[in-house]
Each structure stands twice: as structure tokens, then as C-alpha cells.
Amino acid sequence: MRAQIAVYVVLMALALIAPLLGLYPVFLMKLLCFAMFACAFNLLLGFTKMLSFGHAAYFGASAYITGWLVTVQGWGTLAGIVGGVAVSMLLGLVIGAIAVRRQGIYFAMITLALAQVVYFICLQAQFTGGENGLQGIPRGSLFGLIGLGEDRIMYYFVLACFIAVFVFIRRIVHSPFGQVLKAIRANEPRAISLGYKVDRYKLIAFVLSASLAGLAGSLKALVLGFATLSDVSQGNSGEVILMTLLGGSGTFLGPAIGAIVVVTLQEYLSGLVGSWVSVIIGAIFVVCVLVFRRGFVGEIERWFAHRN
Amino acid sequence: MTRKSTFVALGALLGLYASSQASAAADQVVIGDIDDMSSVYADVIGQGGVEAINMAITEFGGSVLGKKITVLSVDHQNKPDIGASKFREWADQNGLTMVLAGSNTGVSIAMSKVASAKKVPFIAIGAGGASLTGVDCTPYTIHYAYDTTALGNGTASAIVKQGGKTWFFVTADYAFGTQLQEAATRVVLANGGRVLGSVRAPLGTTDYSSFLLQAQASGAQVLGLANAGTDFSNSLKAANEFGITKTMKPAALLAFLTDIHALTLQTAQGLFLTTGWYWDLNEQTRAFAKRFYAKVNRQPTMNQTAYFSATLQYLNAVKAVGSTDSDKVMAQLKKTKINDVFASDGYIRADGLMVHTMYVMQVKTPAESKYPWDYYKVIKVMSGEEADGSQPDPTCPMIKK
Numbered sequence: 001m002r003a004q005i006a007v008y009v010v011l012m013a014l015a016l017i018a019p020l021l022g023l024y025p026v027f028l029m030k031l032l033c034f035a036m037f038a039c040a041f042n043l044l045l046g047f048t049k050m051l052s053f054g055h056a057a058y059f060g061a062s063a064y065i066t067g068w069l070v071t072v073q074g075w076g077t078l079a080g081i082v083g084g085v086a087v088s089m090l091l092g093l094v095i096g097a098i099a100v101r102r103q104g105i106y107f108a109m110i111t112l113a114l115a116q117v118v119y120f121i122c123l124q125a126q127f128t129g130g131e132n133g134l135q136g137i138p139r140g141s142l143f144g145l146i147g148l149g150e151d152r153i154m155y156y157f158v159l160a161c162f163i164a165v166f167v168f169i170r171r172i173v174h175s176p177f178g179q180v181l182k183a184i185r186a187n188e189p190r191a192i193s194l195g196y197k198v199d200r201y202k203l204i205a206f207v208l209s210a211s212l213a214g215l216a217g218s219l220k221a222l223v224l225g226f227a228t229l230s231d232v233s234q235g236n237s238g239e240v241i242l243m244t245l246l247g248g249s250g251t252f253l254g255p256a257i258g259a260i261v262v263v264t265l266q267e268y269l270s271g272l273v274g275s276w277v278s279v280i281i282g283a284i285f286v287v288c289v290l291v292f293r294r295g296f297v298g299e300i301e302r303w304f305a306h307r308n
Numbered sequence: 309m310t311r312k313s314t315f316v317a318l319g320a321l322l323g324l325y326a327s328s329q330a331s332a333a334a335d336q337v338v339i340g341d342i343d344d345m346s347s348v349y350a351d352v353i354g355q356g357g358v359e360a361i362n363m364a365i366t367e368f369g370g371s372v373l374g375k376k377i378t379v380l381s382v383d384h385q386n387k388p389d390i391g392a393s394k395f396r397e398w399a400d401q402n403g404l405t406m407v408l409a410g411s412n413t414g415v416s417i418a419m420s421k422v423a424s425a426k427k428v429p430f431i432a433i434g435a436g437g438a439s440l441t442g443v444d445c446t447p448y449t450i451h452y453a454y455d456t457t458a459l460g461n462g463t464a465s466a467i468v469k470q471g472g473k474t475w476f477f478v479t480a481d482y483a484f485g486t487q488l489q490e491a492a493t494r495v496v497l498a499n500g501g502r503v504l505g506s507v508r509a510p511l512g513t514t515d516y517s518s519f520l521l522q523a524q525a526s527g528a529q530v531l532g533l534a535n536a537g538t539d540f541s542n543s544l545k546a547a548n549e550f551g552i553t554k555t556m557k558p559a560a561l562l563a564f565l566t567d568i569h570a571l572t573l574q575t576a577q578g579l580f581l582t583t584g585w586y587w588d589l590n591e592q593t594r595a596f597a598k599r600f601y602a603k604v605n606r607q608p609t610m611n612q613t614a615y616f617s618a619t620l621q622y623l624n625a626v627k628a629v630g631s632t633d634s635d636k637v638m639a640q641l642k643k644t645k646i647n648d649v650f651a652s653d654g655y656i657r658a659d660g661l662m663v664h665t666m667y668v669m670q671v672k673t674p675a676e677s678k679y680p681w682d683y684y685k686v687i688k689v690m691s692g693e694e695a696d697g698s699q700p701d702p703t704c705p706m707i708k709k
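Here the protein sequences come in this chain order: G and W.
Residues 1 to 308 in this note's numbering are what the first sequence lists, from first letter to last.
Residues 309 to 709 in this note's numbering are what the second sequence lists, from first letter to last.
Keep in mind the hints are simulated off the structure, nothing from the lab.
These figures come from a predicted structure and were not determined experimentally.
Treat the hints with care, since some could be wrong.
To be verified - Straight-line distance between alpha carbons at most 16 Å, and here's what the computed EDC-like set of lysine to aspartate or glutamate pairs gives:
1. W/426 <-> W/397
2. W/426 <-> G/151
3. W/427 <-> W/633
4. W/672 <-> W/682
5. W/426 <-> G/150
6. W/376 <-> W/335
What the hints assert, rightly or not - According to the in silico footprint, chain G covers these stretches of chain W (three or more CB under 8 Å from chain G):
7. 359 to 371
8. 396 to 404
9. 474 to 487
Where a beta carbon is used, it is the ideal one built from N, C-alpha and C, also for glycine.
Chain W extracted, bound-state conformation (with noise of 0.2 Å):
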């Protein structure tokens, strides 16, 4: 008797969690946002991140086609798994209208299926890979700030151009790492250069000694460091710790400002990098700045812009098709010419990438910091061409050849 009513208050118990469980609204838009949030890569987007979302609602307007707009978030911890269900979960039971993918190539290359499937717009920003618009494509994928064609067109191109012939590759080993490698590899390779060797080394790890003892045996010039977040500012570090950046030239593959505030300039001074965007490149950049440092305290990074940009961008065009069905969004986005404080020149090409001026930049050194978060100078402005090529990726599927 009492194991039954045991059991019925465990039924009840689960009629109760039932009907607590949001059913798919179908008069909001609801905004998803997938991320590391407590990670190696929290602070690159994170919570930051969501804070620009919510921006560029309230720049909105607060509402599109009198539907309500809601968002959701969650840590995806670095876990393919983790974003690609929580992905399937809010498209099959929150209503989900798009989603914005932060950092981690990995999870992001998990959720475009998610997303081919489900049919859900899915913009790409916080991962570098090239795949996501390349082998990996789908029709729904956009991707938005940067991917590692264009940082090794920039960073790569730029240090061999000044006499760094010889690499050694230290590498995230996930997607993102290995994809970041082989294109700063076949630019080092174009302009005449030789890759010495590489290693790869975990996400998140914090030892970064006997990968960097093996560069250091190879001989080579240059230090390629193909990772990003804390494992980007943790093996500089080291590198400085050990006096190997006396001998090796460091190259920063993928660094972000929140990095290099992290390092100080005292450490990142000189390092070249490539970015899409830096709040201190125009009026405009500055007010938006402005505008997120009085919310997050901190200058945005390039995601976190693209962040606001990709919301607004989506917002606007629901708008101009009156409707949030995928395709016809998507159709509308990929025809329609990005000019906002992200981007003055984008446009989606077929394949899905956002193609925009990039810029490579060089680190500061303490002397030429005039004021707080003047980090960067801009050594060459690239044109969207230039940085990513200007024809579609020939390996995604979707390109007719």
C-alpha cells in the first residue's frame, strides 16, 4: 500500500514537471544563445554576450511584428553534446526562431546539424572553424565575425611578409585548432615559408611547459599559436616564463581584446593579430562601446558586437518579411547588405560566411597606450576579398560547381 502511494506521488510528481514545461509559443521570437559561460571562452562572449543581445532588442524596439521577443541561454561547458541537445530541445519545445552560436568550433559544427535538421536559422559566431561554411555548411548556417581563413590570411601572412620563414605550430586539439593550423600553414607555404613541426594540445590545458620545450627544440623563428581564450593567454605566458619569446616570435592566431587585457600590454606588447571589428576604430564603434562598457564593464569584443549586429540584423529582416519562417528569413538576410557598427560592407555569401573587412592589428606597447583599453594599431585594413577569397567554399555541398 504505501510503495503504491509512493509511486502515485511520484506520478503526480511527474504531472506536475509536465505542466511546467513551456509548450512552444507560437507568438514570440525567441532568441537562443549557446555558449561557454564558465570556461576557457567566457570571457571572449559569456554573459557579455547576452547583454548584447538584449541591446539590440531594446534598440528594436523591444518587440518585432507585435510578437514578443524572448531569450534563452545556456552553458554548453565545451560539450558538443550539451549544445547540440540543448539546440534540439528549445526547437522542439521552446519555439526557438534562431540561434546564436558562441564560442567553440566543435559544439558550433554539432549544432549546424541540429540546425539542417530542425530548419533554424543558426549563426555562427564565436567559432573560427572555416568548415562551418565549408564541408559542414547547411542552408541555414550563417557565419557571422570571423573564421580561420581570414585570420590566417591576416596574422599568418602578415609575420611571414616580415621574416618569419619558420613555424612551429602549438594547436587547440579540437576542430577549431587543427582547421586554424592548416590555414595559417597554407599561407606560410604560399609566401615561401616552412612549418617545422606541431603539437596539440588539450582545450583547457594549464601546463603548457613540455608543449612549449618541443618548440623550442624544433629551431624555428616563429611560434604559431593556434588557440584562443585562456589557452591562447596561457601558453604565452608561459612562453614568456620560459624566455622562449626571446628566441621565438610569438603569432597570436586568434586573440581577443579581453585577452589581451588579461595579459597586460607589458606581455602582449608588439603581437600581431587579426580581428573584424575594435571599438576603438570610429565614432561609431566608440559610442557602441560606450554603451556596453556603462552594462558589462569591459570593452566588447569582436563576438560580442557581432553578437548585437547578428540580433539586429535577424530582427530587421523578420521584419522586412513579416514572418519568422527560416526560409524566408534566411533568404532575406543572405540578400541584404550589412552596414551597421559591426560592419560597414558585409553581405552572406552562398555558402553562409559574412563577408567583411577585416583587420590586422598590432598589440601596443605600454609607451603608445594613451587611455585604458588602447591596445591595438592597425596595420593593414584587409577587404572582405582579400581576407576570405571571393568565391564560395568549393567544398560545401550546397555550391554548384
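Next up, chain G with everything else stripped away, as it sits in the complex (with noise of 0.2 Å):
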């Protein structure tokens, strides 16, 4: 417990020095809305061992709908925010309502082919720009008084939101629900015996992953100042799971380490190969598949109990 928190605070203290070290804020702020995205699809598959193959559904249609009400509805930041984050409850909550009513294989096509469709409807809809995006979202300001157009005050706002969204998963996981969530996750059948509704436990669990996701989303869009299709593409989908797995599912840092693991190699490889970074990554995780299962650090915490 001791060395968890003072990872935590060497964590805590790296994130927060991290844009006077030089590095570039808007690459670290991409890099937290992945790892919250990855954390928001970890309470799901790690605590609840549901894969869902759509969660770019959420995240990329809640960064259309922050978009589109803070560029053309002008709308507050936060007021674009909550709407993007509404709507995407909203989507986790009619999509989670049909898919929690099947397991395994059968819930993650569910997911994928409604992913698939609102996929399409961002591609058809006028408001969403179709294949070039929406773009030129501007980022506000908080409460009208904190200006978030220069990139370290927006750094520190992203890096709240990130802290804010870690800690309530953690606060999840460890309240009477997120035991029911595990014993869902350790054995389904007993739990339905045990007399919870499971799959009421297992819609509030997709809804609230489905609305971080969002979350997430709609912070890229106003870092980034745009939102396109990349954002809710399948292909999107299939990165949060790698950056889960690679990380370590059910593990609390690992989506995040996963994810910034991930989104570096795009940034760097996509210079030097290309598209050849899709091969490069896809191998990457055939080998973690294959040699380290648990994920970074999930490999990392197993060696450390097991020495203990």
C-alpha cells in the first residue's frame, strides 16, 4: 500500500512538471485523454470482463456533439462538455441496454455492429462534416474567467479531469457495487444465484464507461480543435482495447501506461514509416499477447506480490 501511493505521488509529481520539462503540451494532453479513455474501456473489460469492440462510438460521438455546440451553437466550454458527455450516456445507455443482454462474443458484436452504425450516421449527418470533420473548435474559457487558449493552462484543466475521472474508477471499484462488478466478473451465474440483477449492474457499468469515454472525447476535440472520423472509427475501438491489454486490464495504471505507450509510438513511427505504424503496433501486441498476458503492469504487480 505504502509503495502504491508513493508511485502515485511520483506519478502525480512527473504529470505535473512534465510541460516545464519542455515537453509538448498539446502531445501530453492527447496522451491524458487516451489514458482516461482507456481507463473509462478498463472498468468495463478489467472490472467487469465485458469487451465492448464500439467504445469509439462514445468517445468520437461525444467530440462531434462538444464540437458542434461550442463552434456552432456557441456554447459554453463546460456547458459543451456536459452535452457531449450527456449524449454519449445517452448512446451507452440504448446500445448497453441491448448488448448487456448477451455474453462473451455475442455482447462484443453487438457493440461493434451499433458502433458501426453511428460510425456511419457521423459520416452521413451534415453537422458532423462527413470526411473532413468539424473543425476549428475553440476552446473557451472556464466560468468565463480562465482563459483555456494557451496550452498550459488547458494542460492543467485536462490533467484535473484526468486525475478526477482516475480517482472516481478507483472509488467504483472499491464501493459494494464494484464487488458486485467483480463477482460478475469472477462468476456470473453464482451472482445471479446470490439473487443481484446482473444485468442491471452490468448497464450502469457500461453507461458510466460510456460516458467517461465520452468525456474523454470531448476534451480531445477542444485540445486538438477538431473532431473526425478517426475519432469514432472502428479502429479507434481496437486502440483502447490494445492500449488496455498492453497495459494491464484490471489493473488501475495499466490502461493509462498502455495508452501513452501506444499514442508515442503512433506520434514517433508515424514520422518515420508511416502507415506502417498499424503493422508495427499489431505486432507488438501479438507478442504481449503471447509472453506477457497481464499487461506491463500487471506482469510488474504479479512479480512484486509473488517476491512478497
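Build the complex: two chains, separate frames, hints provided.
What follows is the structure, given as C-alpha cells:
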């Protein structure tokens, strides 16, 4: 426990001073947004063992909605974020209500199919700008006081959001509700026989995960100033699975570390090898699945537990 | 303990990575090139564009105002998000002083938003969309080589006047395709023609069969191909294979020399197309083409030559005003006549469009072609005003009405 606190303190300190070290704040914010997305996804995969193949739908839909509200409707930044999250929550509720009735591969296929529906809506709808995406989204300001145009200020805002989400997820997992989720993960028929309304718990977890993924999408749209089809595409859904598994699903820090690794690789390799990045990352995933199945953080934690 | 040391190592790595990031260098002129390097449009500019920039820098003397000239280049993979975020990153981190935008109008529109936010001169070359100097115009945008309006006024009007009155469009499904179709449609209607229908094909489509069958079913005389790069060559090849070109006349609304080269004259002969530059126009263009060929082993396309010309114009402007200050350089560029290998009578209009002579060409038959890369004959020379109109685009918010 003490070691765990030490790790969090070190990471927190690193996160706080990162932009002062000369790291590019926009890149750091992108890392945080994807880390948040992966943590949200992990709530579903890691703690409830539900594999969604369509999480980009919530991330992307929220990015589009926030972008549209802020750019076209002239809403404030916070209102735009709330609007985006509300839509992804609703989307999560609808898709979740259909999907949680099935398990395993069928669950995954339903989420995939419905996410593709969302993708094609985004491709065809007028307000999303189709192939061009939504451009020039302003960052606006907080409460009309703190302008977020400055990269460093925006960074601390995004960092605050990330920490809030991280703490929130820890709280959920350690709550009695989280215990039930873990029980479902361990043995679903047993949880049913104990009298829990399993579908309802799973739906709540799904909606929570979709909403937090939506928050990550909204923030990303504001940080980078655009929402495009890449946000909502199948590739993005695959990447978040990759990040979570690479870092270690079912651990708290794992998905965040996985997101940092994947996004950094993409950023630096794309300049060198262009679209071959996907092939390289795919190969890394294969190695990860074959050699260290628990992911980076999962393996470290296990090794640590064995030693004690 | 071990875990702690792991994170200490992680921290050290982060630090290392931070120091490896080049800080913005004020004593450099940094030219960025954001283009499709690996996909549909890679042949139109691609690596040849980087070579063209370097040729311009060498010709200029390698440095300006005693500052080193650096070139950055990235593959945007036809994704607006990659183009815009690279542009922003270079502006924030690498002291970018000017950016050249390669193919893809969607990416260029995304980049233009960054240009106006970061106040960096943004010279769009590969993109055709006329909205770059219309609704999407910015004080820092220059649209250099050609635009969809000129393509419509060139190719579409030549074909309608030859009797091709009814059209069906196969359109690339993004900003460029739709704007090109709009421009061509305006010209067709103005000349008494009719548009019988259109279908949108995603960027990078390889199987055009269903789109072409719809075109054939429409009964139109002209098959308007509102696409470019390998999309254009794939759709034309498929039209040939299905025998559609026997009943419909294909119209290449945008074709580059490299496309014709890939298609071969056998397939492409007789096509009308509009271009702002051709290597075999005069002594000056042939001399440039020879130098380019020696490096790249291909004749330059219109856009690659525009890369060369734009880089040179920019460096001249920097030299003239004695600084890389964006506003001063833009003002200088807008008041300078352009007279070089690319254009002899060019000028930059208030909305950012570079107005210059355009040529309506017809692709030669294999019998007419006398030597390698001898592909076009000039059908019509259009003055810049004829191609693009004499007034700035009124939809551009900068233009006072």
C-alpha cells in the first residue's frame, strides 16, 4: 500500500512538472485524453469482463457533439462538455441495454455493429462535416474567467479532469457496487443465484464507462480543435482495447500506461514509417498476448506480489 | 522498492525524451511540407515535392538573411487530424515559418484553421477546393497552383461546347470531390447542359463497378470523374474495362501528368484536362523539367513545380522584407507579381488565390506522341481571369462587400 502511494505521488509530480520540462503540452494532453479513454474502457473490460468492440462510438460521438455545440451553437466550454457527455451517456444506455443481454462474443459483436451504425451516422450527417470532420473548435474559457487557449492552462485543466476520472474509477471499483461487478466478473451464474440483478449492474457499468469515454472524447476535441472520423472509427475502438491489454486490464494504472505507450509510438513512428505504424503496433500486440498476458503493469504487480 | 525504481527509470526516460525535443530556433527559416506520401495522391507531389523544395532552396543559395533553411516533411495519410496536429506541433515546437500543403482539400481546410490561429503563412498547392479562398479563407492562406473553379471553367466548358450536354458524375466523397462537382455543374448548366445524376465514391476506392454501372444506367453522354490521383486512374481504367467509354465520353476533371503516365496513352488518349503548368510548354519549363528529371527520374507535375515556385517566392519575400514576420511576408507576397518557371503572369488576389494562366489540354494519341512524356497538346490558353473570374470570392469573410 505504501509503495502504491509512493508510485502515485511520483507519477503525480511527473504529470505536474511535465510541461515545464519542455514536453509539448498538446501532445501531453492527447496522452491524457487517451489514458482517460483507456481507463474508462478498463472499467468495463478489466472489472466486469465485458469486451466492447465499439467504444470509439462514445468517444467520437461526444467529440462531435461537444465540437458542434461549442462551434455552431456557441455554447460555453463546460456546457459543451456536459452536452457531449450526456449524449454519450444516452448512447451508452441505448446500446448497453441491448448488448448486456448477451455474453462474450455476442456482446462484443452487438457493440461492434451498433458502433458502426454510429460511425455511418457521423459519416453521413450534415453537422459532422463527413470526411472533412468538424474543424476549428475553440477552447473557450472556464466560467468565463480562465482562458483555455493557452496550452499550459488547458493542460492543467485536462490533468485535473483525468485525476478526477481516475479517482472516480477507483472509488467505483472499491465501492459495494464495484464488489458486485467483480463478483460478476468472477462467476456470473453465482452472482445471479445470490439474487443480484446482474443485467442492471452490467448496464450501469456500461453507461459509466461510455460516459467517461465520452468525457475523454470531448476533451480531445477541445484540445486539438477538431473532431474527425478517426475518433469514431473502428480503428479507435481497436486501439483502446490494445492500450488496455498492453498496459494490463484490471489494474488501475495499466490502461493509462498502455495509452501512453501506444500514442507515443504512433506519434514518433508515423514520421518515420507512415502508415506502417498499424502493422508495427499490431506486431507488438501479438508479442504482448503471447509473452506477457497481464500487460506491463499486470506483470509488474504479479511479480511484486510473488516476492512478498 | 523495485516498482519505485521502475518509475524512476520511467521518469529518467521522460526527461531524456524532453531534452531530445528540439526547441524553437529563432535563427532558422523552417519550411514544412504536409502531404500524402504513401497513398492515393503520393505520385502527384509526394517525395518529388520535397525534392522540389530542396531545389528551390539550392537555387536561392541555401540560406536567407544569414539564417539556415530547414525543411520538415510528414505524411498526413489523408487524415485531417494528422495534418492539423502536425502543423500545430511544428508551429509550437519547431519554429515553423511557412507550410506547404500537399494534396487533399479536407486536410488543407483543417490546416487553414491552424494557420489562422497560429498566424503561419499557409500555401495550399495540392488541394483543389475553391473554398480555401472562399468560405474557408484566412489572412495567411495562399492557394497557389489551381482550384476547382478553374478546372470547371476549363475542362467542363470545353466538353459541353463540343456537344457533351448530359453529365453523370462519379465524385470523390469529401470536400474536394463535392466542390469540383459543384464547379463543373455550374459550368455545364450555364452552357445549356444537364446533369442527370451523381454518385459519391469513398476516397481510395478500388472497385468502381457499382458506381460505373449507375453512371451507365443514367444514359448520360459524359462521365464526369470528379476525383484525382489513383482514384481517377482506377475509375477510368474500370470504365474502359466495362466498355463504358464506348457509350460515354469520360471527362477528367482533374488529372496529373503522373496519372496519364500510369494509365498510358492507349487508355487516356483524347481526354480533356485542365492544368496550370506542363513541362513541355517552353524552353524555361523544359530546362526546369530536365533538372527535376535528373533527380527524381520523372517529369514534374504541375503541383511539384508549384512547390518549387512557391518556396522560391516565399524566400524572396522573406529577403525583401528582411524578416520572417508572417504579416509582413504575406503583404509582400500579395503585392509581388509572380514571374518564374511556374507562372509568368501570376498575382495573389485579396482572397489568397494565386491567379495565373491555365491551359486546357488534350491527351495525345500514341501516334502523336513523339518522345517519352510527350503527352499533352494545348487546346486553349485561359487567362487567369477567365479561369477564376476577375473578382475575389465574395464568400470569403475577409472580402469587404
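A quick look at each hint next to the structure:
no., hint, verdict
1, W/426 <-> W/397, "holds (10 Å)"
2, W/426 <-> G/151, "holds (12 Å)"
3, W/427 <-> W/633, "holds (9 Å)"
4, W/672 <-> W/682, "holds (8 Å)"
5, W/426 <-> G/150, "holds (12 Å)"
6, W/376 <-> W/335, "holds (7 Å)"
7, 359 to 371, "violated (count 0)"
8, 396 to 404, "holds (count 4)"
9, 474 to 487, "holds (count 3)"
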